[in-house]
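S.K.: Just need the whole structure built from these sequences, with the hints factored in.
Protein chains: 2
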Amino acid sequence: MARPVAAAHWSSQDRPTDPAVVLRQVLRIHASSEDDPYFLHTLEVTEDDFQCLKADQGILVDFASFPGKIIGLLERCIGSHSTADHTPRFQAVLSCRPADSTLKIVETNDFKQLPHITLAFKPGNDFTVKQVGVWVRWTRCRVSST
Amino acid sequence: MARPVAAAHWSSQDRPTDPAVVLRQVLRIHASSEDDPYFLHTLEVTEDDFQCLKADQGILVDFASFPGKIIGLLERCIGSHSTADHTPRFQAVLSCRPADSTLKIVETNDFKQLPHITLAFKPGNDFTVKQVGVWVRWTRCRVSST
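The listed protein sequences correspond, in order, to chains U and S.
Anchor point for the first sequence: position 66 equals 66 in the numbering used here, and the numbering is continuous, going up by one each time.
Anchor point for the second sequence: position 99 equals 99 in the numbering used here, and the numbering is continuous, going up by one each time.
Just so you know, the hints here were simulated from the structure itself, not pulled from any lab data.
A hint or two may mislead.
Unchecked claim - Derived pair list, reagent style SDA-like, types lysine to any residue, alpha-carbon separation capped at 25 Å:
| # | chain 1 | residue 1 | chain 2 | residue 2 |
| --- | --- | --- | --- | --- |
| 1 | U | 54 | S | 88 |
| 2 | S | 104 | U | 53 |
| 3 | S | 104 | U | 115 |
| 4 | S | 69 | U | 117 |
| 5 | U | 54 | U | 23 |
| 6 | U | 69 | U | 109 |
| 7 | S | 54 | U | 95 |
| 8 | U | 112 | S | 57 |
| 9 | U | 112 | S | 124 |
| 10 | S | 104 | U | 79 |
| 11 | S | 54 | U | 50 |
| 12 | S | 112 | U | 50 |
| 13 | S | 69 | S | 57 |
| 14 | U | 54 | S | 141 |
| 15 | U | 69 | S | 108 |
| 16 | S | 112 | U | 94 |
| 17 | U | 104 | U | 133 |
| 18 | S | 112 | U | 98 |
Nothing here was measured: the structure is a model prediction, and the numbers come from that model.
M.R.: Here it is in structure tokens:
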């Protein structure tokens with residue numbers, strides 16, 4: 001399977017011309033791959049979606065703090081090194097199916113695998129693969145030039 | 001709600017007279033109450049049940065080590081003290097319904113409630129309330145006399 005890279009960003013939908021229209025913030029998370037330009041799984045979370053996720057998974061932070069917590073968990077996955085003897089303590093596992101996919105961030109202790117978060121992704125289509133591909137390449141260029 | 005007390009013990013079912021018959025070990029967990037002699041919720045886990053539980057909840061230990069891990073988690077709940085400012089880090093929560101009940105042991109961190117284990121209990125009937133009541137009183141007498 002292609003080695004996935006996760007990226008998250010905020011955006012505002014429905015940019016209003018009418019000042020009475022309220023901007024909706026949407027959290028988008030993309031799982032892409034440096035090895036396969038067609039590998040893309042995406043997640044969009046609106047504030048309404050987040051309220052369901054919060055109730056289902058016992059999340060205690062608000063929508064604004066949620067991306068930072070996800071990034072923190074992904075950083076713990078990056079910082080967990082596997083050795084011949086030990087499974088990494090934190091792992092991000094993307095299970096891919098044709099119509100949907102699931103990203104789980106799990107902590108492995110001496111008793112069990114603890115699910116820190118489970119997120120339902122969707123495989124990208126032609127449009128999103130092109131759109132996100134441009135955004136990812138642009139972000140990488142910007143990061144490498146700083 | 002009555003303040004529950006959890007107790008776990010092993011037993012062997014179907015004590016065989018024929019040496020070819022294999023003993024089945026069963027883990028029984030009782031949630032009873034010092035304040036209410038009729039409060040009883042029970043769980044029986046055979047080795048076959050445990051294999052399902054292990055797969056469903058990502059448990060990494062074998063059947064023989066499972067009771068010790070549950071006791072370890074309950075001890076962490078006892079050791080977690082709540083204060084006015086803080087929720088206890090570990091909590092055992094028994095949700096009671098007429099036909100079934102669920103015991104969850106959860107850890108609360110700064111992001112969410114992490115489910116360490118979820119176990120499906122059943123409310124006791126007249127027979128089990130009497131049977132377990134005798135066993136619990138006998139165990140308490142033995143513990144207090146040592």
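S.K.: Look at each hint and say if it fits the structure.
M.R.: So, going through the hints one by one against the coordinates:
1. 54(U) / 88(S): Since the Cα atoms of residue 54(U) and residue 88(S) sit roughly 20 Å apart, the hinted pair holds (cutoff 25 Å).
2. 104(S) / 53(U): holds, 19 Å
3. 104(S) / 115(U): holds, 14 Å
4. 69(S) / 117(U): holds, 23 Å
5. 54(U) / 23(U): holds, 21 Å
6. 69(U) / 109(U): holds, 20 Å
7. 54(S) / 95(U): Satisfied, since the Cα-Cα distance of roughly 19 Å is no more than 25 Å.
8. 112(U) / 57(S): holds, 8 Å
9. 112(U) / 124(S): violated, 29 Å
10. 104(S) / 79(U): With Cα atoms ~30 Å apart, residue 104(S) and residue 79(U) exceed 25 Å; violated.
11. 54(S) / 50(U): Status violated; Cα separation ~29 Å.
12. 112(S) / 50(U): With a Cα-Cα distance of about 13 Å, the restraint between residue 112(S) and residue 50(U) holds, given a limit of 25 Å.
13. 69(S) / 57(S): holds, 14 Å
14. 54(U) / 141(S): violated, 45 Å
15. 69(U) / 108(S): holds, 14 Å
16. 112(S) / 94(U): holds, 21 Å
17. 104(U) / 133(U): holds, 23 Å
18. 112(S) / 98(U): violated, 30 Å
When held up to the earlier numbered hints, the structure conflicts with 9, 10, 11, 14, 18 and fits the remainder.
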